[in-house]
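Chains as they are written, first to last, in our numbering: chain L, 138 to 274; chain G, 87 to 721.
Treat the hints with care, since some could be wrong.
Distance condition first, Cα-Cα at most 20 angstroms in a straight line; then the derived SDA-like pairs of lysine to any residue [as the list claims (entries may be wrong)]:
1. G:LYS599 with L:GLU196
2. L:LYS191 with G:LYS469
3. L:LYS140 with G:ALA137
4. L:LYS254 with G:ASP425
5. G:LYS469 with L:ALA215
6. G:LYS596 with G:GLY356
7. G:LYS199 with G:ILE258
8. G:LYS502 with L:MET206
9. L:LYS140 with G:GLU289
10. G:LYS651 with G:THR608
11. G:LYS502 with L:VAL141
12. L:LYS140 with G:ASN122
13. G:LYS355 with G:GLU289
14. L:LYS165 with G:GLY313
15. G:LYS610 with L:SER163
16. G:LYS205 with G:ASN122
17. G:LYS599 with G:LYS355
18. L:LYS191 with L:LEU175
19. L:LYS254 with L:LYS218
20. G:LYS469 with L:ASP242
21. G:LYS469 with L:SER163
22. L:LYS165 with G:ALA427
In short, the hints are calculated from the structure, not lab data. Treat the numbers as computed from the prediction; the structure is a model and nothing was measured.
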Amino acid sequence: MNKVFILLVGIALIGGAGLVYLATGSTKSLVLVPSDLLTEQNKKDMERIRVGGKVSSDEIKYDLQPEIMLTFRVEDPADAKGSIPVVYKGLKPDMFAVGRSVMIDGDFIGGTIVATKLLTQCPSKYEPPLPQEHKNS
Amino acid sequence: MNTIGNYCLVLSWALTLYGVIIGFWGAKTSNDRLINSGAFAARASFIVASASLVSLITLFLQNDYSNHYVWQFSNREMSPIYKITALWGGMNGSLFFWAWLLALWGAIMSWGKNIYDKKIFAWALPVHLVGQLFFFFTTLFFTNPFHYIQANFVPADGNGLNPLLQNPYMAIHPPMLYCGFTLFSIPYAFCIGSLMANDLTNEWIYATRRWTLVAWGVLTTGIVLGGFWAYIELGWGGFWAWDPVENASFLPWLTGTAFLHSVIIQERKGMLKSWNIFLITLTYGLTVFGTYLTRSGIVQSVHAFAETNFGFLFLGYLIIVAAAATYLLAIRNRGLKSDRALESIFSREAAFLINNLIFLSICFATIWGVLFPVLSEAVTGEKQTIGVPFFNQVNVPLFLFMIFLMGIGSLVAWRKASLSSLRKTFLAPFMLSLLMAALLVWAGVTSFYPILSYSLCFFVFLTIIGEYHRGYKVHGVQVLKKHSRRYGGYLVHLGVLVATVAITSSMAHKIEKEFTLARGETFKVGRFAITLLDLSGIQTGNYDAVTAYTVLKSAADGTVLANLKPEMRHYNRNNENTSEIALRVGPREDFYLVLAGLSEDESHASFKVFINPLQVWLWVGVAIMIAGTGVVLVK
């Protein structure tokens, strides 16, 4: 070990840590489930949240005009007690359907999630339930 | 077939276990008979595991839905090729395939054992087999693909593979990744093996140079194929989303790339010995960590992998690997001293070292990003996450600094560069790059990062061209052949530059537009005009589809550029919708068209278009990188 080496490692550590710290502060968002928002619904708007939940069967509207906009409600993955409306100005993802898990990034404004990003979970590794019908065939 | 496959799996696990025990025993006692017996076990376990693999493939091809795994991921309508690739469609098959690949590399190692140093090989083989044993153990006891379906009848048809995965790129992307991951086991095994054998020379690096390069090249290809698949199949116009699963494959790539560079310093200068041991162990560990990350369910991902309850196994194995490497480093510490010290910050040694530190910084920042939800919940009790902007904010500047080092590192003098030599080498390229930056501003590029990125790439391009020119003057056209390692390496760098320019422009100058057209109407975007000609529906046995027939013309002179036919499909069987995008690839940009939907009376169609500048050069750049890796391998 010598001075140059220690200097380099030191600069890298401090610089890297600083960069990570700053970026974390400015980009982190709270991860919530829809029921968290139900309780806080009347309280306050929130910026930058991520909500993970299930597409509720209530109402799905996909407008193409005047702009492409997807409106639906999201509920807890299990034991849903209520749902939260979501507005997403963007394409309906391929695998979007009732009951699918979705991850929504956006802001919570006036009781509605205004999504900037909507991801449906890729069911590639989805484990289907065992076949039930024709049990006696 | 199920029973045969299962017994073969048990047998290959047992043979691997025998190979580990006998191998270590033989190495410890320098007993040739035991060492050869261990090597024989490695080959035998490969052959038996192959029989097991063939049984599983046969079950798939025979549509044998009494096997749970086959029922889950296959159905009668799938073409035979996708029935075979459904093998790695799920977790059980993937881990089994992983174990089989390790057995394959172990067998190749053992067949070619005469080319390696005898003592190192004796230790390295059982080290490799320990990993193989772990994966066979997990496959056999936790994710066995040979389980019968838990129902009192055999289903008439299978569940089928997700249509998105029935794609040629998806068929080869996972096995490429797995090959890349598992191949890193060999340099790791030789490294740990030579520590155990107390052979602290550079022998393990020479012995595994080819393996490491192949691992890197295959992993690079695998990662990029995944991006290419996402680009053409998922319809969001991008190729990389910093998803945990993507990150899981990116992490070992970063440390592996750092390793490829730092071994050069050990070979040439006898420095960084412990560092290289650390790097290869970290790379190996990260390949296993990636599996843990994606299988344990500790992080949310768009890839909804089956959550499992055996994540602790992977964690346990990782702890064993880390503890063993730390112990070995500690007891061999005295023999791993550097032959010389770092003299100056302005030296090639220092440039390589900084390059390594940057690679590791990107790696740790990425790990931080992936694990942040877990960490924040543990510390604050509130679950928080950081998304794509975080990765871009941190990794873009780090990556650009690395591009800068790429220009410096291969040209600056060893040991200590004088100011006059620095001036002589870098002044002209530096001034020309400043000129380039000025030109870019003049041409209307106003953001900081794109200007920096293009100018840096230009700078490094000039230095590489300078090097080729000097090489050409000495060796003529034979330059690539004479010093394949050096000039092949520059070719890889050139590919990185091409890819960087492509990524920069697709990040900085991407255009996204949505529009709705009736038949005969035209929409103008950028230098393009797109006209909807017709809409039509078709039904096949597999899916119903709506196709939009459009023609893409130049907005300026009306030249027909392409007929684009984006499609929306509905697969009845799985009730899945997929969009088939239409793409017009050009050297200047990709015109990427998605059919978003139809109005209720089916008179209008809505589209989303992405204009991705220079996109094709990303794939070209990566192809150059792979070609360069090939050149380096020749020697």
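Hint by hint, here is what the structure shows:
Our distance criterion of 20 angstroms between C-alpha atoms is broken by G:LYS599 and L:GLU196, whose separation comes to about 27 angstroms. A hinted pair counts as satisfied when its Cα atoms are at most 20 angstroms apart, and L:LYS191 with G:LYS469 qualifies at roughly 18 angstroms. About 57 angstroms separates the Cα atoms of L:LYS140 and G:ALA137, which puts this hinted pair outside 20 angstroms; it is violated. Distance check on the hinted pair: L:LYS254 and G:ASP425 sit about 53 angstroms apart at the alpha-carbon level, beyond 20 angstroms; violated.
As the CA atoms of G:LYS469 and L:ALA215 are separated by approximately 18 angstroms, the hinted pair is consistent with the 20 angstroms bound. Only pairs whose Cα atoms come within 20 angstroms are accepted, and G:LYS596 paired with G:GLY356 is rejected, the gap being roughly 46 angstroms. Between G:LYS199 and G:ILE258 the alpha-carbon distance is near 30 angstroms, which puts this suggested pair outside the 20 angstroms criterion. With a C-alpha separation of about 61 angstroms, the suggested pair G:LYS502 and L:MET206 falls outside the 20 angstroms cut-off, and the hint is violated.
Taken as a hint, the L:LYS140 and G:GLU289 pair is broken in the structure, with Cα atoms around 30 angstroms apart against an allowance of 20 angstroms. The hinted pair formed by G:LYS651 and G:THR608 meets the criterion: a straight-line CA distance of about 15 angstroms does not exceed 20 angstroms. Between G:LYS502 and L:VAL141 the CA atoms are separated by roughly 12 angstroms; this keeps the pair inside 20 angstroms, and the hint holds. Our distance criterion of 20 angstroms between C-alpha atoms is broken by L:LYS140 and G:ASN122, whose separation comes to about 48 angstroms.
Restraint check for G:LYS355 and G:GLU289: the C-alpha separation of about 14 angstroms stays at or below 20 angstroms, so the hint holds. This hinted pair does not check out: L:LYS165 and G:GLY313 have alpha carbons roughly 25 angstroms apart, beyond 20 angstroms. About 37 angstroms separates the Cα atoms of G:LYS610 and L:SER163, which puts this hinted pair outside 20 angstroms; it is violated. Straight-line distance between C-alpha atoms of G:LYS205 and G:ASN122 comes to about 12 angstroms, which keeps the hinted pair within the 20 angstroms bound.
With a CA separation close to 55 angstroms, the supplied pair G:LYS599 and G:LYS355 exceeds the 20 angstroms bound. Between L:LYS191 and L:LEU175, the direct Cα distance comes to roughly 15 angstroms. Compliance with the 20 angstroms bound is thereby established for this hinted pair. The suggested pairing of L:LYS254 with L:LYS218 is violated, with an alpha-carbon distance near 24 angstroms, which exceeds 20 angstroms. Between G:LYS469 and L:ASP242 the CA atoms are separated by roughly 14 angstroms; this keeps the pair inside 20 angstroms, and the hint holds.
For the given pair, G:LYS469 sits about 16 angstroms from L:SER163 by alpha-carbon distance, which is consistent with the 20 angstroms threshold. Proximity of L:LYS165 to G:ALA427 is assessed by CA-CA distance (about 42 angstroms); at most 20 angstroms being required, the pair is judged violated.
Checked against the numbered hints given earlier, the structure breaks hints 1, 3, 4, 6, 7, 8, 9, 12, 14, 15, 17, 19 and 22 and satisfies all the rest.
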